[in-house]
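Participant: Protein sequences appear in the order of chains A and B.
When you line the first sequence up against our numbering, it's residues 17 to 418, in that order.
When you line the second sequence up against our numbering, it's residues 787 to 1038, in that order.
Misleading hints may appear alongside valid ones.
Below, in silico cross-link-like pairs of lysine-lysine (DSS-like), each with a Cα-Cα straight-line distance of 25 Å or less [what the hints assert, rightly or not]:
| no. | chain 1 | residue 1 | chain 2 | residue 2 |
| --- | --- | --- | --- | --- |
| 1 | A | LYS413 | A | LYS351 |
| 2 | A | LYS413 | B | LYS851 |
| 3 | B | LYS893 | A | LYS231 |
| 4 | A | LYS413 | B | LYS1031 |
| 5 | A | LYS231 | A | LYS241 |
| 6 | B | LYS893 | B | LYS851 |
So the derived list for chain B, only partly shown, Cβ under 10 Å to chain A, looks like this [claimed, not checked]:
| no. | residue |
| --- | --- |
| 7 | HIS929 |
| 8 | ALA960 |
| 9 | SER1028 |
Just so you know, these hints were derived from the structure itself, not from any lab.
Model, not experiment: these values are computed from the prediction.
Think of the CB as a built atom: it goes at the ideal place given N, C-alpha and C, for glycine as much as any other residue.
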Amino acid sequence: MQALLNNGFVRWFDNRLPVLSWANHHLMEYPTPRNLNYAWNFGSLAGLALVLQIVTGIVLAMHYTPHADMAFDSVERIMRDVNYGWLLRYMHANGASFFFIVVYIHIARGLYYGSYKAPREVLWWLGLVILLLMMATAFMGYVLPWGQMSFWGATVITNLFSAIPVIGEPIVQWLWGGFAVGNATLNRFFSLHFLLPFVVVGVVVLHLWALHHKKSNNPLGIDYKGPQDFITFHPYYTIKDAFGAGVFLILFATFLFYAPNYMGHPDNYIPADPLVTPAHIVPEWYFLPFYAILRAIPDKLGGVLAMGASIFILFLLPWLDTSRIRSATFRPVFKWFFWLLLVDLVVLGFCGANPPEGFWVPLSQVATVYYFLHFLILLPLIGWFERPRPLPDSIAKPVLKA
Amino acid sequence: MKRLILSILALALLVPAGAQAAGDQAVPPEHHWSFNGIFGTYDRAQLLRGLEVYRGVCANCHGLKYVRFRDLEAIGLSEDEVKAIASNYTVEGDVDSFGDPTTREAKPFDAFPSPFPNDEAARASNGGALPIDLSLVAKSRVHGPDYVHALIGLGYEENAEPGPTGLYHNPYMAGGSIAMPPPLFDDAVEYHDGTPATVEQMSTDVSAFLMWAAEPELEDRKAIGLKVILFLLVLTGLFYVSKRKLWANVEH
C-alpha cells in the first residue's frame, strides 16, 4: 500500500480524493486489539453473508416475476431453466439462514463480552437496527416464492397489526393493499425486499463508523492503554477473517449442496392457496423464539407487545446491565446466567416450532417469563451484588508477560 | 465453551425438523434410494420404468407441468424417443386465422399437460377431488419420495373399498383418508425391460421418477458440491497455515 501511495499519479489523485489513504487507514493500519479470539470473526462473516445475499438476490430478481399468478412458476423456472438458477436460489434461501446464524452468534458474543457497554451503546443500537431490518427483509423474502407457507406466514404476521386498538384493522388493510393478502401485497413485499438490504448496507456503514471511532471491544473487556495493545488489522485480522470465511463457506456449501431444503418447509413447494390453510403454520427457524413469545401470551395484543418488547428491551441493555465490568470472563455469576439465557432461547425455539398445545404452552410461558426476568431483574441485581474477579492492567500486559 | 456453542447451534438447527413431524400421519418406512447420500445418483433404468408407470397410470389424472418432454433426454431417452412420447399428447395451439382456438400435437419443448382442461373439469371427473400436479410432490411433502412410495405402494388395504364419504383409508395421507382410488395393481403396466410389475416395484420406480421430476438438478448439485467443498478445504487449509505463519511472531 505504501509503495502504491509513492506512485506520482496515485499521490496526485489521493491528494484530491483521499480514497486510498482512507482505505489504508481503515482496512490496513486500523489498530485492532491483539487479543481478539475467534468470536470476533462473526462481524466480517455477517458482512460476507450480506454481500452474498445482495449479489444472488440481484440476479434472482432478473428472473423472478412478482405476480400472484406467476411468482411460483417463475421460481420453478429459475430452478429448472435458468442456468445454475437452482444454485442461485438455494444460495439465497440458505444464505438467509446462515446470515441469521452468523448474526445471532455475533450478538451473543456482544452479550458475553459486554460489547454493548459504554462507550459502544450507539454501535450496539445500530446493530439492533440492522437485526430489525434483516428480520423485515427475511420475512418479506420468504413471501416471494408464493407457496403455502409464504402466503399463510404473510397472513399470520401482517394480521398481528390488527391487535392494535382502533387503527389496527385499517393498518392491516393498508399493509395488504386490499382486504386480504394478494397480488398487491406480493408486489410491495418484492419492492421492499429489494430496497431494505441497501438500507442495511447504509446502517452497516454507520455501524462500522461507530466501531472504528471507539475501536473494538476485546475478550478482556478492558480499555486500551496504548499502542502496545494493538496490532494492525492487515495482515493479522485479514488473514484470520479469511480463514473464518473459509470455515463458514464449507459449512454453507454442505447445506447448499447436500441439504438445500433442510432449513425450509416442504409446504412451500405447494402453490399458495387462500382456500386451504396448512395444518401447522410455522415461520422460518430464526423467528421461532420470538414466535413462541408471541403465542405464550393468551391475549393477542399482549402477545404482539411481548414479541416487540423482546427485541426492544435489547436497546436498553447498556443501562439494564449495571455492572461496569464488560467481559463475562471476570464475572463469575453473570457468566452462568448468560448460558442460561441461551438455553432459554433454544427452549423458546422448540416451543415456537411445536403446536401450541399440551406442555408446550406452559413451557413457552415459563421460558418467556424467564427471558424478561433475565433482562429486567437478574441483570441489574447481578451487576450490584456480583464480586468480579480482578481485571488485568492492560491488554498487552498478560499477553506479553506470558 | 466452544463445544457448548456448537451444540446449542446444532440443537437450533434441529428445530425445523421437529416442526415437520407434526400431524396424525403414519411415518413412511425409509427406502434406500440410489440418489441418497453424498455420491447418490439416479438409477436411469429405474427412472425409465417410473416414466412408464407415470404414463400408464398416473397421467390419466395427474399432470407434470414443470417437466418438459425434452428433459427426458437427461434420463436416457433419445431425441426421437422424446418426440415420439410428446406426439402422444395434445396441447393448446395458437388461435387460427378465424380467431378460433386450436390444438396441436405436443413438441419436445412442451411440458406434460394435465389430462383435464381446467381444475373444475378435473374435480367434476373425480368426485369433487382435485388430482394434484405431480412435478413437485416428492419435495412438497414431508419424507418426499418415501411418502409417495408408502402412499401408493403400502397405504391401501387389499381390495380397498371407499368409505361412506367416498374416501379410501390410507394412513400415510394427512387425516388418514384419500379420495384417490388405489392406483396400482399387479401388471398395471408392462415394463419394457421385462421387470415383473408388482405394486411394490411400480410404486418404488414411480417415486424415484417423481423425485427426479422434482429435483432434476440433484446429480449436478451433488457433483458440483463435492468439488466446491474439496476446493474450499484446500483454500481454508492454506488460509490457516498462512494465519499461523503470520501470527507466529505476535504475542497474543
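Participant: Please go over all the hints and tell whether each is borne out by the structure.
Facilitator: Evaluated hints:
1. A/LYS413 with A/LYS351: 24 Å, holds
2. A/LYS413 with B/LYS851: 69 Å, violated
3. B/LYS893 with A/LYS231: Cα-Cα ~65 Å, so violated.
4. A/LYS413 with B/LYS1031: Status holds; Cα separation ~23 Å.
5. A/LYS231 with A/LYS241: Given pair A/LYS231, A/LYS241 holds - Cα atoms ~12 Å apart, limit 25 Å.
6. B/LYS893 with B/LYS851: 14 Å, holds
7. HIS929: OK, holds: B/HIS929 within 10 Å of chain A, min 9 Å.
8. ALA960: Cβ of B/ALA960 sits 7 Å from chain A, so the hint holds.
9. SER1028: Hint on B/SER1028: holds, closest Cβ of chain A at ~5 Å, below 10 Å.
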